[in-house]
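Using the sequences provided together with the hints, build the complete structure.
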Amino acid sequence: MDNPTLEKLICDPSFVEYCLDRESENVTYWKTWIEENPQYEDLAIASKALVLQLQAMPSEDEVAMARRRLYQAIDEVKVNQQILFRKWFPYAAACVLLLGLSIFLFQQSPDMLQSPSPKVAVVKQYVPAGKYMNVQLTDGTKVRLGPTSTLDYPQQFAASERKVRLKGEAFFDVAHRKDQPFTIETGEFQVKVLGTSFNIHAFEEDKVAKIALFTGKVEIFNNSMRLIILPGQAFVYDKVLDKYTVESFDQGQERETMNGVLHFNHATYSDIGQQLARKYGISFQADADVDLDFSGTIAHENLDQVLDKLTLTTSYRFFLESNTLIAHKK
Amino acid sequence: MKTHWVNITKGDKESFFIIYDTLYRSLFQYGMVIAKDREVVKEAIHILFYELWEKHERLPVDISDPKYYLFVWLKRIIFRQLKAHEICFESLLEEPYEESVETQKIRIEEMMERERHIHAAMARLTKKQRHYIELKYFYNKSYHEIAISENAAVRTVYNVIYEAIKSLKSHLTVILILILNYYK
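Those protein sequences? They're chains L and A, same order as listed.
Take 1 as the starting number for the first sequence in this note's numbering and just add one per residue.
Take 1 as the starting number for the second sequence in this note's numbering and just add one per residue.
Check the hints yourself; a few may be wrong.
[What the hints assert, rightly or not] Dumping the calculated DSS-like pairs for lysine-lysine here, alpha-carbon to alpha-carbon at most 27 Å:
no. : chain 1 : residue 1 : chain 2 : residue 2
1   : A       : 13        : L       : 8
2   : A       : 67        : A       : 128
3   : L       : 243       : A       : 169
4   : L       : 8         : A       : 55
5   : L       : 217       : A       : 169
6   : L       : 31        : A       : 10
7   : A       : 13        : L       : 31
8   : L       : 207       : L       : 178
9   : L       : 329       : L       : 207
10  : A       : 55        : L       : 31
11  : L       : 8         : A       : 127
12  : L       : 31        : A       : 36
13  : L       : 178       : A       : 169
14  : L       : 207       : A       : 10
15  : L       : 8         : A       : 10
16  : L       : 239       : A       : 55
17  : A       : 141       : L       : 217
18  : A       : 10        : L       : 243
19  : A       : 169       : L       : 8
20  : A       : 2         : L       : 178
21  : L       : 8         : A       : 128
22  : L       : 192       : A       : 36
23  : A       : 13        : L       : 192
24  : A       : 128       : L       : 210
25  : A       : 36        : L       : 243
Simulated from the structure, these hints should not be mistaken for laboratory data.
Below, the structure is given as structure tokens:
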């Protein structure tokens with residue numbers, strides 16, 4: 001380069017690659033160039049410094065978007081705190097719950113109207129309790145459906161989008177298609193992806209819904225919120241408090257879950273009952289009198305072993321009565 | 001800064017956003033040094049301020065340097081996030097994090113100083129220049145990509161960016177020395 005200046009260097013794409021340590025060819029080239037032209041060393045360092053400095057700046061759009069997102073999130077903090085406060089008054093809490101339910105119904109109905117036109121046949125895949133099922137969709141997307149879960153998907157996807165509906169839990173490995181985003185509708189929110197793999201736990205009857213992302217990027221949204229999670233992050237939504245958090249999760253554990261291993265962390269009786277009902281196809285009735293706080297793993301054991309395990313490690317005796325789970329205080 | 005901090009602990013949203021607006025860009029830069037991934041950094045700053053607001057009633061009122069407090073908090077969040085992403089820790093170990101509190105505070109001050117100057121210099125660019133600089137250097141787009149997305153000739157894109165850098169340079173002579181010392 002003749003008569004190099006700061007702007008000439010910075011405008012040179014290969015110099016920028018060198019600054020960012022990107023392509024070894026460019027890196028070597030510029031290192032040699034600096035060695036051969038020591039009089040320009042300071043200039044090269046200053047140019048590199050400015051490139052790196054610019055790299056680390058947020059754009060105006062990013063600043064504005066981040067601010068908007070925070071502003072909305074903060075409003076939610078306020079609402080959540082109010083709801084937490086109301087929790088002290090059982091009647092009020094019940095109202096909140098009912099209100100929440102009716103909002104969900106409202107939110108769902110427009111979605112139903114929008115569902116694919118009746119001409120396209122919709123396949124309804126239901127997996128019974130105790131079973132897992134692998135489904136491959138026409139676009140190459142692989143889905144592993146958990147017990148008592150339902151997946152609705154069109155026999156043929158529309159050209160502009162791929163839309164499915166999930167009740168329950170599933171592992172998705174979405175085939176990458178840039179111009180045909182993949183959207184999963186669950187009761188409370190929609191998940192939009194381009195190509196990625198993740199677990200969704202979204203049973204209607206569960207208090208908590210969860211999306212755990214392994215690779216790629218997904219966008220989660222409904223009428224009131226919209227956010228993006230990154231690999232290693234899980235979106236956890238508490239339906240009762242109407243509050244969501246983004247947290248990190250144990251990838252090993254999460255993968256095992258979709259292979260039928262149950263992990264409990266301070267689980268209540270209804271958590272355990274719910275999960276066992278799905279895995280072993282038994283019935284279960286929530287019982288507020290059973291006060292449990294169970295942590296542990298249930299792998300591929302038969303039901304008798306599991307009941308023994310629970311009986312041994314808790315202060316309750318677990319047994320089956322006409323295929324229904326019962327817990328009695330010892 | 002301290003007054004705003006005390007106001008935040010009392011639940012003053014205005015002070016909260018004043019601190020946010022004052023520190024956002026500097027926190028971003030600081031985060032980029034650690035994480036080198038703008039999505040991770042944006043997420044971490046969001047988490048930082050979300051938690052700050054959520055906990056505002058329980059925050060310590062009497063801290064000498066709220067700014068430093070927030071930078072350190074951000075660093076911890078980023079480490080937490082990176083750990084979740086299973087990014088190898090070797091790259092983190094290269095950074096001299098075990099500096100004394102005073103050194104760290106000086107570094108933060110210097111960074112904010114640099115950021116202020118560059119931001120001011122960027123503000124003097126035309127809208128178009130700023131936009132092209134963002135595309136080229138923030139998002140690493142090639143001249144060709146920018147030409148396509150902005151519906152302009154490659155040559156034009158190059159010229160706009162060249163002039164923008166020239167303008168930045170003329171407004172940054174003082175600060176360039178500071179930057180130089182930092183990266184040397």
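Hint-by-hint comparison with the structure:
1. Restraint check for residue 13 (chain A) and residue 8 (chain L): the C-alpha separation of about 46 Å exceeds 27 Å, so the hint is violated.
2. Restraint check: the Cα-Cα separation between residue 67 (chain A) and residue 128 (chain A) comes to about 33 Å, which exceeds 27 Å; the hinted pair is violated.
3. Our distance criterion of 27 Å between C-alpha atoms is broken by residue 243 (chain L) and residue 169 (chain A), whose separation comes to about 48 Å.
4. For a cut-off of 27 Å, the pair hint linking residue 8 (chain L) to residue 55 (chain A) is broken: about 49 Å separates their Cα positions.
5. Restraint check for residue 217 (chain L) and residue 169 (chain A): the C-alpha separation of about 37 Å exceeds 27 Å, so the hint is violated.
6. Distance check on the hinted pair: residue 31 (chain L) and residue 10 (chain A) sit about 55 Å apart at the alpha-carbon level, beyond 27 Å; violated.
7. This hinted pair does not check out: residue 13 (chain A) and residue 31 (chain L) have alpha carbons roughly 50 Å apart, beyond 27 Å.
8. Among the hinted pairs, residue 207 (chain L) with residue 178 (chain L) is inconsistent with the structure: their alpha-carbon atoms are about 34 Å apart, more than 27 Å.
9. Annotation: proposed proximity of residue 329 (chain L) to residue 207 (chain L) holds, straight-line Cα distance about 25 Å (limit 27 Å).
10. Between the alpha carbons of residue 55 (chain A) and residue 31 (chain L) the distance comes to roughly 49 Å, so the proposed pair goes past 27 Å and is violated.
11. For the suggested pair residue 8 (chain L) and residue 127 (chain A), the alpha carbons sit about 22 Å apart, so the restraint of at most 27 Å is met.
12. For a cut-off of 27 Å, the pair hint linking residue 31 (chain L) to residue 36 (chain A) stands: about 22 Å separates their Cα positions.
13. For the given pair, residue 178 (chain L) sits about 39 Å from residue 169 (chain A) by alpha-carbon distance, which is inconsistent with the 27 Å threshold.
14. A C-alpha spacing of about 33 Å is found between residue 207 (chain L) and residue 10 (chain A), which places the hinted pair above 27 Å, so the restraint is violated.
15. This hinted pair does not check out: residue 8 (chain L) and residue 10 (chain A) have alpha carbons roughly 52 Å apart, beyond 27 Å.
16. Of the pairs offered as hints, the one joining residue 239 (chain L) and residue 55 (chain A) holds, with about 22 Å between alpha carbons and a cut-off of 27 Å not exceeded.
17. In summary, the hint linking residue 141 (chain A) to residue 217 (chain L) is supported, as the alpha carbons are separated by about 20 Å, within the 27 Å threshold.
18. Note on residue 10 (chain A) and residue 243 (chain L): the hinted pairing holds, with a Cα-Cα distance of about 23 Å set against a maximum of 27 Å.
19. Between residue 169 (chain A) and residue 8 (chain L) the CA atoms are separated by roughly 12 Å; this keeps the pair inside 27 Å, and the hint holds.
20. Our distance criterion of 27 Å between C-alpha atoms is broken by residue 2 (chain A) and residue 178 (chain L), whose separation comes to about 48 Å.
21. Between residue 8 (chain L) and residue 128 (chain A), the direct Cα distance comes to roughly 19 Å. Compliance with the 27 Å bound is thereby established for this hinted pair.
22. Only pairs whose Cα atoms come within 27 Å are accepted, and residue 192 (chain L) paired with residue 36 (chain A) is accepted, the gap being roughly 26 Å.
23. At most 27 Å may separate the alpha-carbon atoms for a hinted pair to count; residue 13 (chain A) and residue 192 (chain L) exceed this at roughly 32 Å.
24. Of the supplied pair hints, the one linking residue 128 (chain A) and residue 210 (chain L) is violated, its CA atoms being roughly 42 Å apart against a limit of 27 Å.
25. Proposed proximity of residue 36 (chain A) and residue 243 (chain L) is contradicted: the alpha carbons are some 30 Å apart, above 27 Å.
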